[in-house]
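Here is how the chains run, residue by residue.
Number of protein chains: 2
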Amino acid sequence: MIKIALDGMGGDFAPKPVVIGALQALKKYKNLEITIYGDQNEIKKYLTEENERLKIVHTDKFLDMGIKDPISTYRKDKNYSLFLAMQSVKDKINDAVVTAGPTQAVVVAGHLILKRISSMKRVALAPILPSLDGTGKILLDAGANVDLKPEHLIELGIFARIISEKIMKKVNPKVALVNIGSEEGKGREFEIEAYKLLKDASELNFVGNIEPKDVFITDVDILLTDGFTGNILMKSMEGTTYGLGKVLKRELKSSLKSKIGGLLIKGALKKYKAALDSSEIGGALVIGLSKILIKAHGASDDYAIFNAIRQAKEMVENKVIEMVDEILSKKVWN
Amino acid sequence: MIKIALDGMGGDFAPKPVVIGALQALKKYKNLEITIYGDQNEIKKYLTEENERLKIVHTDKFLDMGIKDPISTYRKDKNYSLFLAMQSVKDKINDAVVTAGPTQAVVVAGHLILKRISSMKRVALAPILPSLDGTGKILLDAGANVDLKPEHLIELGIFARIISEKIMKKVNPKVALVNIGSEEGKGREFEIEAYKLLKDASELNFVGNIEPKDVFITDVDILLTDGFTGNILMKSMEGTTYGLGKVLKRELKSSLKSKIGGLLIKGALKKYKAALDSSEIGGALVIGLSKILIKAHGASDDYAIFNAIRQAKEMVENKVIEMVDEILSKKVWN
Numbered sequence: 001m002i003k004i005a006l007d008g009m010g011g012d013f014a015p016k017p018v019v020i021g022a023l024q025a026l027k028k029y030k031n032l033e034i035t036i037y038g039d040q041n042e043i044k045k046y047l048t049e050e051n052e053r054l055k056i057v058h059t060d061k062f063l064d065m066g067i068k069d070p071i072s073t074y075r076k077d078k079n080y081s082l083f084l085a086m087q088s089v090k091d092k093i094n095d096a097v098v099t100a101g102p103t104q105a106v107v108v109a110g111h112l113i114l115k116r117i118s119s120m121k122r123v124a125l126a127p128i129l130p131s132l133d134g135t136g137k138i139l140l141d142a143g144a145n146v147d148l149k150p151e152h153l154i155e156l157g158i159f160a161r162i163i164s165e166k167i168m169k170k171v172n173p174k175v176a177l178v179n180i181g182s183e184e185g186k187g188r189e190f191e192i193e194a195y196k197l198l199k200d201a202s203e204l205n206f207v208g209n210i211e212p213k214d215v216f217i218t219d220v221d222i223l224l225t226d227g228f229t230g231n232i233l234m235k236s237m238e239g240t241t242y243g244l245g246k247v248l249k250r251e252l253k254s255s256l257k258s259k260i261g262g263l264l265i266k267g268a269l270k271k272y273k274a275a276l277d278s279s280e281i282g283g284a285l286v287i288g289l290s291k292i293l294i295k296a297h298g299a300s301d302d303y304a305i306f307n308a309i310r311q312a313k314e315m316v317e318n319k320v321i322e323m324v325d326e327i328l329s330k331k332v333w334n
Numbered sequence: 001m002i003k004i005a006l007d008g009m010g011g012d013f014a015p016k017p018v019v020i021g022a023l024q025a026l027k028k029y030k031n032l033e034i035t036i037y038g039d040q041n042e043i044k045k046y047l048t049e050e051n052e053r054l055k056i057v058h059t060d061k062f063l064d065m066g067i068k069d070p071i072s073t074y075r076k077d078k079n080y081s082l083f084l085a086m087q088s089v090k091d092k093i094n095d096a097v098v099t100a101g102p103t104q105a106v107v108v109a110g111h112l113i114l115k116r117i118s119s120m121k122r123v124a125l126a127p128i129l130p131s132l133d134g135t136g137k138i139l140l141d142a143g144a145n146v147d148l149k150p151e152h153l154i155e156l157g158i159f160a161r162i163i164s165e166k167i168m169k170k171v172n173p174k175v176a177l178v179n180i181g182s183e184e185g186k187g188r189e190f191e192i193e194a195y196k197l198l199k200d201a202s203e204l205n206f207v208g209n210i211e212p213k214d215v216f217i218t219d220v221d222i223l224l225t226d227g228f229t230g231n232i233l234m235k236s237m238e239g240t241t242y243g244l245g246k247v248l249k250r251e252l253k254s255s256l257k258s259k260i261g262g263l264l265i266k267g268a269l270k271k272y273k274a275a276l277d278s279s280e281i282g283g284a285l286v287i288g289l290s291k292i293l294i295k296a297h298g299a300s301d302d303y304a305i306f307n308a309i310r311q312a313k314e315m316v317e318n319k320v321i322e323m324v325d326e327i328l329s330k331k332v333w334n
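If you read the protein sequences in the order shown, they are chains A and B.
Heads up: the first sequence begins at 1 in our numbering, then just goes up one per residue.
Heads up: the second sequence begins at 1 in our numbering, then just goes up one per residue.
Rather than coming from a laboratory, the hints here were simulated on the basis of the structure.
A few of these clues could be false.
Since the list gives no way to pick one copy over another, a pair counts as held whenever it fits inside one copy or between any two copies.
Straight-line C-alpha distance at most 30 Å; calculated DSSO-like pairs for lysine-lysine [to be verified]:
| hint | residue 1 | residue 2 |
| --- | --- | --- |
| 1 | K253 | K92 |
| 2 | K44 | K169 |
| 3 | K213 | K78 |
| 4 | K235 | K115 |
| 5 | K170 | K246 |
| 6 | K92 | K45 |
| 7 | K166 | K330 |
| 8 | K174 | K68 |
| 9 | K186 | K213 |
Only chain A is shown next, with the shape it has when bound in the complex (with noise of 0.2 Å):
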């Protein structure tokens, strides 16, 4: 059995697609049982359904999604949804946690509860992005450090090329830095220190630089960087999806014969915004800790939640972290 400790309160509609996605998993996958932490009247009013594998523990404290400061609540009252769902997870009640709750405070609950493993310096939030190949790009680190070493990038490297391997079935993951340019040289002190380690780790398939404008396009797989610049990437990527959405949106209603266009191609535009979802392909992977922590979207809905328990549950089975702390403490590599 594998045992997910979900955060029933974190999220913009919490926690109604929390309870229905967990619902999906259950039905999807019988070797899962589910604890969800939070308030069990709202809870329950989603519970359409009994399942022996599903279980609730009360809490009526949940963390706004807009936190300030996490490190003093966390200080000051230990029984909030999120930490709860945590402490489970530290005590070996449960395998893995799932929260789409707000990320700064999921990042450092991550830190001060589950803890780094003894072989990583840094955590690193590390979302898939979406692709035009359909197959996801591993985004590193997207916002967990604003500042972070040119060596960090290196362990943070071998971790996603484990996720990439083991659960996203590459063969040999290639491995670039988001840099302003192609060439060696191009960028900051930071880029021109991280090309050349990576050039020279071994254990990495590094290919070069990789320039935004590429991402969405490109056949690399895990694309490294430091926190501030992934995420400005990130949201980038975000907004101008979103943003060109809406003009679309606009452009379609403004003539009779477009709308009725927008009608014959409702189809296509199901499978073109599936295909920029990134939901789809699960949560954003804290990755540096001793245990599985996924960070779903904020604005989940019930399929992003259940595609991030999927995700934890997979990484639970295939021993990741285990897997990652192996290699990084003797330096091997199979």
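Go by the hints and put chain B onto chain A.
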């Protein structure tokens, strides 16, 4: 008469779109004279009509779009089309330069030939980003400096304010700092320090941080950041727009129904494309030089060149540089 020096050989498809764009501009603006610098044999192929306000200055040297070391190229030989166009402006034969040549070479040559205005410490690349409301937003620095000090943002912001007011006709344009969060205190040391300076800058209507996810839909007019981040942001938006276009095309071709729908929405798609097309608005201004220098996109078509010429003409007419210099050197704001 406004006199424009046009780099005939700059851009992926030069000289064709350059020549056609120049002819369009001359037809529309009767107070315009254009001198094209480049290979006269190539240029004449596309000169479908005579115009006494169009001159050609011949040179058979032009920069490769992938040029690596523009400084030493310039030191060795000053007869490249871009350098000659710039020199003519330095020598007051012309009033402004327009080129679709390689960005780094354009910025470097601007420094070497046109020089900074003495009241500014840095030069910045300032493209106009497309936006949902269609008004365009100035982003700077988008790649002239990989490192920039927070105080440089003030003078760059003042320059952008004048462009925004005088050329883009915006009233009291809003200025924001690109950042990974909306509250003060977010970001790296650079953003934290820049926020404080911008808050106190009476010359600028500073409205706080802007996250990249909001860039396309915002009502902010001027977005300030360092050249590395600005380049990442700009190229992410560009790449996402391009990638989504490819996905949409693919899906529209996926069935007969969607193909028919695609034909019906052709007009809407054209307007959609136009809304995202920065060539509608013009090229990027290289801000901080003693003369007007417009860098059109490398992939510019004739319409983009036409708009870059129009933009240069308007900036000369509005005496943008004189105004900036007066404000910055006297430290007064009217």
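Hint-by-hint comparison with the structure:
no., hint, verdict
1, K253 - K92, "neither (54 Å within a copy, 51 Å between copies)"
2, K44 - K169, "neither (37 Å within a copy, 56 Å between copies)"
3, K213 - K78, "neither (43 Å within a copy, 32 Å between copies)"
4, K235 - K115, "within (27 Å within a copy, 36 Å between copies)"
5, K170 - K246, "between (34 Å within a copy, 24 Å between copies)"
6, K92 - K45, "within (29 Å within a copy, 76 Å between copies)"
7, K166 - K330, "within (20 Å within a copy, 63 Å between copies)"
8, K174 - K68, "between (37 Å within a copy, 26 Å between copies)"
9, K186 - K213, "both (15 Å within a copy, 26 Å between copies)"
Going through the hint list in order, the structure does not satisfy hints 1, 2, 3.
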